[in-house]
Amino acid sequence: MQDWTQDSKQVELFMKRSESAGVSRRDFMKILAAAAGTSAFVAACGPTAVPAPSQADESAAAAPAAGEMVTDEQQIFRNPMNQEPASHDFNFDLYCNGETELFAGLLRFDTDYKPVSYVAESYSVSDDGTVYTFKITPGLTWTNGDPVTAGDFEWSFKRQLDPASGAPYAAFLFDIKNGEAVNTSAEGVTVDDIGVKATDDATLEITLEGARGYFPTVMAYLAALPAHRPSVEKFAEKWTEAANIVTNGPWKLTEWQHDSHYVMERNDDFKLEPKAKMRKIIRPIVLTEAQLSAYEANELDRALVPVAELKRIQADPELSKEINTFSLAGTFYLAPSYSMAPFDVKEVRQALNHAIDRDVIVNSVLQGIGQPALTFVAPDSPGYVDPAQNEWLKDLTEYNPQKAMDLLKGTPYEGGQNWPEVKITYRSDELAGVPGLVAQAIQAMLKENLNMDVTLEGLENAVFRSSMWEHKNQLTYVRWYMDYPDPNNNLFLVWYSSRASGSRHEYADKEFDALVDQAAGAPTFEERMALYIEAEKRMIEDGAATYVYYPFGVRLYKPWVQGLPKNSAGLNVQDWNIYFALTQEVYVVDHPDRPELS
Amino acid sequence: MAATAPAAVQRKTTVASADDAKLQMRKETNLWRDAWRRLLRNKLAVAGMVVVLFFLFLAIFANLIAPYPYDKADFAQTYQFPSWQHPFGTSPLGQDMLSRLIYGARVSMLVGLGAQVIVLLIGVPLGAIAGFYGGRTDLYLMRFVDVMYAFPTLLFVILIMSALGPGLVNIFIALGLTGWVTLCRLTRGQLLSLREKEFVLAARAVGAKSGRIITKHLLPNALTPIIIAVTFGIPQAIFTEAALSFIGVGISPPTPSWGQMVGEYQFYMRSYWYLATFPTIAIGLMMLAFSFLGDGLRDALDPRMKR
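Residue numbers (numbering that gives the first Met the number 0), protein chains in the order written: chain F, 0 to 597; chain C, 0 to 306.
Among the hints, erroneous ones may be present.
[Unchecked claim] Below 20 Å or equal to it, Euclidean Cα-Cα: the simulated DMTMM-like pairs (lysine to aspartate or glutamate) are:
{"id": "1", "chain 1": "F", "residue 1": "K402", "chain 2": "F", "residue 2": "E413"}
{"id": "2", "chain 1": "F", "residue 1": "K446", "chain 2": "C", "residue 2": "D70"}
{"id": "3", "chain 1": "F", "residue 1": "K422", "chain 2": "C", "residue 2": "D70"}
{"id": "4", "chain 1": "F", "residue 1": "K446", "chain 2": "C", "residue 2": "D73"}
{"id": "5", "chain 1": "C", "residue 1": "K71", "chain 2": "F", "residue 2": "D452"}
{"id": "6", "chain 1": "F", "residue 1": "K276", "chain 2": "F", "residue 2": "D574"}
{"id": "7", "chain 1": "F", "residue 1": "K251", "chain 2": "F", "residue 2": "E240"}
{"id": "8", "chain 1": "C", "residue 1": "K71", "chain 2": "F", "residue 2": "E447"}
{"id": "9", "chain 1": "F", "residue 1": "K565", "chain 2": "F", "residue 2": "D109"}
{"id": "10", "chain 1": "C", "residue 1": "K71", "chain 2": "F", "residue 2": "D358"}
[To be verified] Calculated Cβ distances over 10 Å to all of chain C for the following chain F residues:
{"id": "11", "residue": "T110"}
{"id": "12", "residue": "S164"}
{"id": "13", "residue": "T202"}
{"id": "14", "residue": "Q256"}
{"id": "15", "residue": "V262"}
{"id": "16", "residue": "A296"}
{"id": "17", "residue": "P386"}
{"id": "18", "residue": "A431"}
{"id": "19", "residue": "R498"}
{"id": "20", "residue": "E584"}
{"id": "21", "residue": "D589"}
Calculated directly from the structure, the hints in this document are not laboratory data.
Heads up, the beta-carbon is just placed ideally off N, CA and C, and yes, glycines get one too.
Given these sequences and hints, build the entire structure.
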């Protein structure tokens with residue numbers, strides 16, 4: 000569901016690997032285009048959330064607590080998806096857009112985005128933090144009756160890292176010892192040297208490149224879902240077809256009619272919690288723009304609301320009760336170029352932070368479907384820098400046009416004079432025009448506050464990506480959706496510069512890199528987070544980015560769908576890009592408007 | 000050809016052609032007056048002309064008429080429905096939509112007229128050269144025109160725009176580079192038949208150079224169809240600009256363009272109906288007005304077209 004092209008490293012590696020595997024550039028572009036489609040989905044949903052938690056709570060409370068659970072036969076959920084999945088093989092391609100809940104990984108994320116035990120009933124870490132030992136829950140089976148063993152995970156991780164399989168996002172497992180070396184076909188290492196070993200059926204030992212405090216988070220992520228070896232070997236890329244697939248998760252794929260829909264049924268043999276309460280989920284392909292009307296025609300049980308439709312939904316006495324607002328666990332930000340005037344001047348970069356009124360953008364322009372952002376890590380994730388506890392944030396980021404102008408004193412642009420041509424580049428083909436809208440607001444604010452004339456350039460995904468990665472943009476307006484809830488995901492993949500594979504933005508600071516490295520190996524969670532906050536501060540001090548807002552999403556649920564998950568803070572959590580167990584939690588209750596299904 | 004004719008015959012023909020030319024010129028001055036009268040009798044054409052003049056007036060005096068600056072964002076006034084203060088409401092950035100529409104007329108007019116100037120500057124001279132000189136020049140030019148014709152126009156324009164980037168001048172260039180072929184063919188066709196007329200022979204006989212013959216004798220006679228073609232070209236250019244801006248490769252904000260507004264606000268249709276509705280109406284009205292005016296002009300200038 001997220002935009003893999005956000006991920007610097009993956010794109011680079013993928014391109015490299017594609018070339019070495021003889022994949023033509025055109026095929027590469029095709030995949031990029033497919034990814035763009037994926038993000039269009041994200042886009043369409045993104046623009047919608049009403050941020051005020053109070054409102055979210057209200058709507059949830061307003062949902063009629065109605066009747067009794069309907070019979071098991073009628074426990075059916077009509078849950079649209081935006082596009083045909085490429086496959087359900089997350090072990091090969093974590094952005095395949097398939098059904099995550101067909102599989103169960105070693106760990107999973109709970110509604111607080113914390114990694115908790117799943118297939119692994121427990122795990123332990125060696126004293127130096129470099130070896131993780133996972134204990135597999137006994138008695139688990141694949142849907143064909145095979146036992147789920149440590150060997151399944153060993154094989155799956157090696158399959159993903161093996162360059163021969165060509166898995167595009169293997170980089171997520173590069174913390175495993177020799178993972179990167181093997182995946183990039185370095186001399187002197189073979190697949191057998193990868194640091195994953197099933198010492199017996201119930202014990203999986205993973206050796207890392209170094210101490211990696213966030214490793215459990217990666218193991219709870221989609222990249223660490225297993226695949227069923229005999230099926231893969233027998234059916235190759237066709238192994239996730241409904242007729243062939245063997246899975247180990249709470250749901251079974253029972254029907255997959257390509258370009259139309261697929262159907263999953265509860266796996267009654269699944270022994271882990273949470274177990275599915277519904278009997279069946281029907282997933283038709285319905286374009287995001289078409290979901291709302293299908294929902295209103297009572298053909299779907301949930302739908303995404305584009306931001307432009309929000310006003311109407313809120314004004315509707317019925318529909319307004321069905322709103323579910325949730326955080327997209329992401330951040331929109333401005334990234335200035337370090338090599339192009341005027342942003343090669345540090346004070347100009349810093350001034351950007353004071354020249355943009357984030358409250359106005361969120362509340363007046365976006366009608367409240369987000370939350371102002373001062374730092375990179377979203378409030379959903381550990382490592383969020385709470386402005387209330389970090390005074391320095393105010394100094395560096397508060398909206399204060401006078402301060403912005405003062406910063407320009409002594410630069411060639413003193414008094415807002417002599418600006419060269421400035422262009423903001425953003426991605427135009429997502430979120431139904433929302434990024435362009437915010438870019439226009441920023442344009443107006445820079446004109447008003449810094450007397451800077453700015454032009455806008457909206458590019459479609461593939462072009463935007465390459466222009467960002469080639470550092471051609473003077474000022475980039477872009478978003479990051481967290482892959483896994485750890486600052487490592489944000490700070491390492493976006494701002495870390497000491498990488499052979501290139502970097503997403505131009506910011507390059509050895510000290511920053513050192514802090515991120517240090518954090519990865521820090522012994523305790525608190526120390527790790529403190530180092531990440533230190534790193535964020537350093538980056539913001541240098542004006543590497545101006546964070547703008549954390550986007551929200553809005554979904555509608557029919558009143559008979561109950562059990563929607565919330566986190567411990569009482570906020571809605573949706574199956575977005577981190578937490579996925581929503582389909583196990585929800586159930587259907589009696590309601591006069593509910594259609595009888597089969 | 001004339002050189003092969005006996006001198007006596009040639010002289011005679013020349014005299015006749017000169018008479019013809021004089022006759023023709025007199026007729027033409029009448030033609031304009033007749034045409035004007037015929038145009039005024041056509042109610043639809045007059046209505047079209049009034050609307051076109053109205054938009055032209057808005058375009059020229061936009062800075063005097065518009066109640067607010069078109070790019071002034073007032074974040075305290077975002078998403079305002081139509082009111083006395085903002086008759087057409089405000090944009091998501093709090094800009095006055097009426098002011099943006101008025102300035103949008105300026106963009107549309109500039110594009111419509113500007114692009115046609117480029118089309119004229121390229122199409123007419125090339126068409127004249129091809130038609131007048133014929134032979135190889137004609138052959139090569141016309142094959143080139145055929146090649147240009149083969150491209151789907153809108154796609155070609157989009158291609159040029161993606162290469163040049165958004166902006167008003169670039170739209171002129173893109174529309175000019177793609178739009179001239181029709182006019183080129185038309186001019187060539189006209190000249191092809193006109194150049195065989197005797198008054199041309201006469202002009203040649205008194206020593207007129209090719210350039211003079213083309214500009215003084217041939218083009219004035221080909222003017223009517225050119226005017227009609229240009230009149231129809233204007234709304235096409237306006238519409239193409241709207242289409243380009245709609246898909247985001249035309250005019251970029253904050254410069255307002257009707258097409259850009261429709262493209263940007265189409266998603267808001269059911270929540271904020273006014274955002275996309277008024278620019279859509281404006282585009283439709285402008286297109287319709289130019290079409291009526293063009294039809295009227297054609298009927299007026301070229302009575303042979305009448306049944």
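The hints, checked one at a time:
With a CA separation close to 12 Å, the supplied pair K402 of chain F and E413 of chain F stays within the 20 Å bound. Pair hint K446 of chain F plus D70 of chain C holds up; C-alpha atoms about 10 Å apart against a cutoff of 20 Å. For the given pair, K422 of chain F sits about 17 Å from D70 of chain C by alpha-carbon distance, which is consistent with the 20 Å threshold. For the hint pairing K446 of chain F with D73 of chain C, the CA-to-CA distance comes to about 13 Å; that is within 20 Å, so the pair holds.
With a C-alpha separation of about 13 Å, the suggested pair K71 of chain C and D452 of chain F falls inside the 20 Å cut-off, and the hint holds. As the CA atoms of K276 of chain F and D574 of chain F are separated by approximately 16 Å, the hinted pair is consistent with the 20 Å bound. Restraint check for K251 of chain F and E240 of chain F: satisfied, since their Cα atoms lie roughly 12 Å apart, inside the 20 Å limit. The hinted pair formed by K71 of chain C and E447 of chain F meets the criterion: a straight-line CA distance of about 9 Å does not exceed 20 Å.
Restraint check for K565 of chain F and D109 of chain F: satisfied, since their Cα atoms lie roughly 10 Å apart, inside the 20 Å limit. A threshold of 20 Å between alpha carbons decides the hint, and for K71 of chain C with D358 of chain F the separation of about 19 Å falls inside it, so the pair holds. T110 of chain F, annotated as away from the interface, keeps every beta carbon of chain C farther than 10 Å; the closest lies near 31 Å. The Cβ of S164 of chain F lies farther than 10 Å from every Cβ of chain C, with a closest approach of about 37 Å, so its non-interface assignment holds.
A cut-off of 10 Å between C-beta atoms confirms that T202 of chain F is not in contact with chain C; the least separation is 53 Å. The Cβ of Q256 of chain F sits about 30 Å from the closest Cβ of chain C, beyond the 10 Å cut-off, so the non-interface label holds. Non-interface status of V262 of chain F relative to chain C is upheld: no Cβ of that chain comes within 10 Å, the nearest being about 31 Å off. The non-interface label for A296 of chain F is consistent with chain C: the shortest C-beta to C-beta separation is roughly 15 Å, beyond 10 Å.
Even its closest Cβ contact with chain C, about 22 Å, leaves P386 of chain F beyond 10 Å, as expected for a residue assigned away from the interface. For A431 of chain F, the requirement that its beta carbon stay farther than 10 Å from each beta carbon of chain C is not met, with the minimum near 5 Å. Consistency note on R498 of chain F: stated as away from chain C, and its beta-carbon is indeed over 10 Å from all of that chain's, at 31 Å minimum. For E584 of chain F, the shortest C-beta to C-beta distance to chain C comes to about 31 Å, beyond the 10 Å cut-off, and the non-interface label holds.
The beta carbon of D589 of chain F sits about 31 Å from the closest Cβ of chain C, which is more than 10 Å, so the claim that it is off the interface holds.
Figure legend: structure checked against the earlier numbered hints; the only hint not met is number 18.
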